[in-house]
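Peer 1: Residue numbers (our numbering), protein chains in the order written: chain A, 1 to 255; chain B, 256 to 321; chain C, 322 to 715.
Hints are computed from structural coordinates only; laboratory data are not their basis. Just so you know, even glycine gets a beta-carbon here, dropped at the ideal spot from N, CA and C. Misleading hints may appear alongside valid ones.
To be verified - For each label pair, taking beta carbons as the anchor points, the in silico distance ranges come out as:
(1) A:10 x C:536: 40 to 50 Å
(2) A:212 x B:311: 53 to 63 Å
(3) A:49 x B:307: 35 to 45 Å
(4) A:165 x C:432: 53 to 63 Å
(5) A:162 x C:586: 40 to 50 Å
These are the residues of each chain, in order.
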Amino acid sequence: MLTIAGHTLKSRLLVGTGKFSSAQVMREALEASGSEMVTVALRRVDLEDPADDIMRVLDRERFLFLPNTSGARDSDEAVRLARMARAAGGGDWLKLEVTPDPRTLLPDPVETLRATEILVADGFKVLPYINADPILALKLQDIGAAAVMPLGAPIGTNLGLLTRFQVRIIIEQARVPVIVDAGLGLPSHAAEAMEIGADAVLVNTAIAVAGDPVRMARAFALAVEAGREAYEAGAGRRLEMAEASSPETGLGFLR
Amino acid sequence: MRLICNGKTMTIRDGMSLEELIQELELNPDAVVAECDGRIARREEYATSILKDGMVVELIRFVGGG
Amino acid sequence: MQTTITNPVSSCLDSSCHDKKFSGPDLAVLRPLIYNCRPADVAAVLKKKHLSSDDLAVLLSPAADLFLPRLAARSADLTLRRFGRVMQLYAPLYLSNYCANRCQYCGFSAENKIVRRVLNLDEAESEARILADRGFGHILLVAGEAPARLDVDYLVELAGRLRHRFASLSIEIQPLSEEEYRRLFQAGIVAVAVYQETYDAAVYARVHQAGPKTDMAYRLDTPARAAAAGMREVGVGALLGLSDWRLEGLALGLHLAWLRRNYWRTGLTVSFPRLRPAAGGFAPLAEVSERDLAHLLFALRIFDEDLGLLLSTREEARFRDGMVGLGPTRYSAGSCTAPGGYGEPGSEGEQFSIGDQRSVLEVCQALKEKGYDPVLKDWDATFQNFSAANKVAA
Chain A
1 MLTIAGHTLK SRLLVGTGKF SSAQVMREAL EASGSEMVTV ALRRVDLEDP
51 ADDIMRVLDR ERFLFLPNTS GARDSDEAVR LARMARAAGG GDWLKLEVTP
101 DPRTLLPDPV ETLRATEILV ADGFKVLPYI NADPILALKL QDIGAAAVMP
151 LGAPIGTNLG LLTRFQVRII IEQARVPVIV DAGLGLPSHA AEAMEIGADA
201 VLVNTAIAVA GDPVRMARAF ALAVEAGREA YEAGAGRRLE MAEASSPETG
251 LGFLR
Chain B
256 MRLICNGKTM TIRDGMSLEE LIQELELNPD AVVAECDGRI ARREEYATSI
306 LKDGMVVELI RFVGGG
Chain C
322 MQTTITNPVS SCLDSSCHDK KFSGPDLAVL RPLIYNCRPA DVAAVLKKKH
372 LSSDDLAVLL SPAADLFLPR LAARSADLTL RRFGRVMQLY APLYLSNYCA
422 NRCQYCGFSA ENKIVRRVLN LDEAESEARI LADRGFGHIL LVAGEAPARL
472 DVDYLVELAG RLRHRFASLS IEIQPLSEEE YRRLFQAGIV AVAVYQETYD
522 AAVYARVHQA GPKTDMAYRL DTPARAAAAG MREVGVGALL GLSDWRLEGL
572 ALGLHLAWLR RNYWRTGLTV SFPRLRPAAG GFAPLAEVSE RDLAHLLFAL
622 RIFDEDLGLL LSTREEARFR DGMVGLGPTR YSAGSCTAPG GYGEPGSEGE
672 QFSIGDQRSV LEVCQALKEK GYDPVLKDWD ATFQNFSAAN KVAA
């Protein structure tokens, strides 16, 4: 069971709600994923299409909302979005995303740290999305982040756990849950993240743009479970490592 | 009087409340966050917030996102 | 592999991670984890890249004794890659042998009739000058635990006089409060060594008969207080010969892992004092051979690649030479453990007799012959932002 900021979840797969072809498909895919926590974003209402409302298909009894601050380019914008999310009934949960570069959508470490400090003081449960920087992860924990969310690869690239080496360090040092977020393109990527000890993963693009999102959601659910089982079985701590092939070390000097 | 809502200039009747504006736009006040001149309005205040000439209003809601 | 291997040891670590203090492990709980291991378990652990504290237990087991050459090879490899062909040298400067404690094993015990001396500030400075002239950049200020004779004010003053002459100053004295460590840090002390002596509560109570040192919990918390105060490095260790070295080793590993988790900015070092002849004639309660010491050192190196590992002149020259390249990263040299002994060789009142009596030049020569670079200065305190003491997150 995964506990984040005092809240317990049975599923270690978090799912994003963007990029789906329709609200209906999104709803079915979320159902198939077994997820209990989903991300949502905040945007201006499209006044031309007032009926397009995700809230009609997302059951708030079933899914815990994790509003994100996607679109924010600096800490001021992120804080503003966070407060709006809270006002919109998003509770205190927040996935903090500060992405000044619209091409790569990579997170800004400085603005993320700044915003985290402000939002923690303002009572938010902050889950910052970051590059897989172990020192940044430590600093965010020091100032009260409820979890850390290092990326596997840039958003939408589906390249998998490119950052595996640093993510492993983050996991070793973490005092809060580590949720690998972004870049996971295949169930096997998610399984790998779980095998090395991640507490959860967040997947959006890989499910939403799959040929059959419902089926893919189920595949991810199985992969996350498999990876976690493997980790708890002890396999996660074994890595291929060639034995130091040095000649017999001279210990003849010992008495 | 005129105000700017979600970046678009609109003409509305004097004395209109925020709640009325939202409803006239065919939106559900419970599902929308409103920011008036940079200040987030509290849900309880929608009915009593009277819109002013030149005000900048942002109506935000949850959408799909990762 | 044992079925319950994941729980007792790691959960000891996990549960104490949620507390703000490190709670000493119950050695009785650790015992079966070490003693039930088989050779196959050791082989399996040696294939791993990242070791848990459960794995450390395996490496410390009797089953691992047969694997000593492989432990040595692995330790050598890790040390070489992390530290290079380098040995940092330091010298202890004994300021005082007065002590309020009665530790059965120590030459400074209040009970022992030895010549007692505390150096005044000028004398201490004079001793330090000798060390500086020998080329040392790092010195360790040591004193018996007697605040009435040597207190924080003295150290602050001494640090002020010495800090411009040395790259770094460390201390090994009585446990202090976090606030006192903060004062010392501001004054120029950057590292604190404090050895638990033994993590075995029963033995601890037995060998510490009187004095402030009887408070085991306070001592156990000391590295954390020093780290919280902003010290760059904290040194831990167990006095080998008091209790089962394998259990002490695992307890040390847990303590280190806890410190890493809670004070990630602080460097960690481990020393391996091994009971040697001292005034009072205390016989070790447990056997710890050179082989055992080497085994413990290798296991800790494999467990945590980044630890500084210290061997002092308590050990023989032959042993220390043999260990070069296998794991240790810091050696003392030309040491004297009696206050005033550098200026007046043959001074009485030493803490322990020296095993490696070579001069610093001879030690440097030996290191060079083994293809190692003796480093007398590794860091310069002028880079240190001492006001950082106020910014460290606990």
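Peer 1: Now tell me, hint by hint, if it's right for this structure.
Peer 2: Structure-based check of all given hints:
1. Hint check: residue 10 of chain A to residue 536 of chain C, Cβ distance near 45 Å, so the stated range 40 to 50 Å holds.
2. Against the hinted window of 53 to 63 Å, the Cβ-Cβ separation of residue 212 of chain A and residue 311 of chain B comes to about 44 Å, which falls outside the hint.
3. The hinted range of 35 to 45 Å is not satisfied by residue 49 of chain A and residue 307 of chain B, whose Cβ atoms lie roughly 27 Å apart.
4. About 55 Å separates the C-beta atoms of residue 165 of chain A and residue 432 of chain C, a value consistent with the hinted range of 53 to 63 Å.
5. Checked against the hint of 40 to 50 Å, the pair residue 162 of chain A and residue 586 of chain C fails, with Cβ atoms roughly 28 Å apart.
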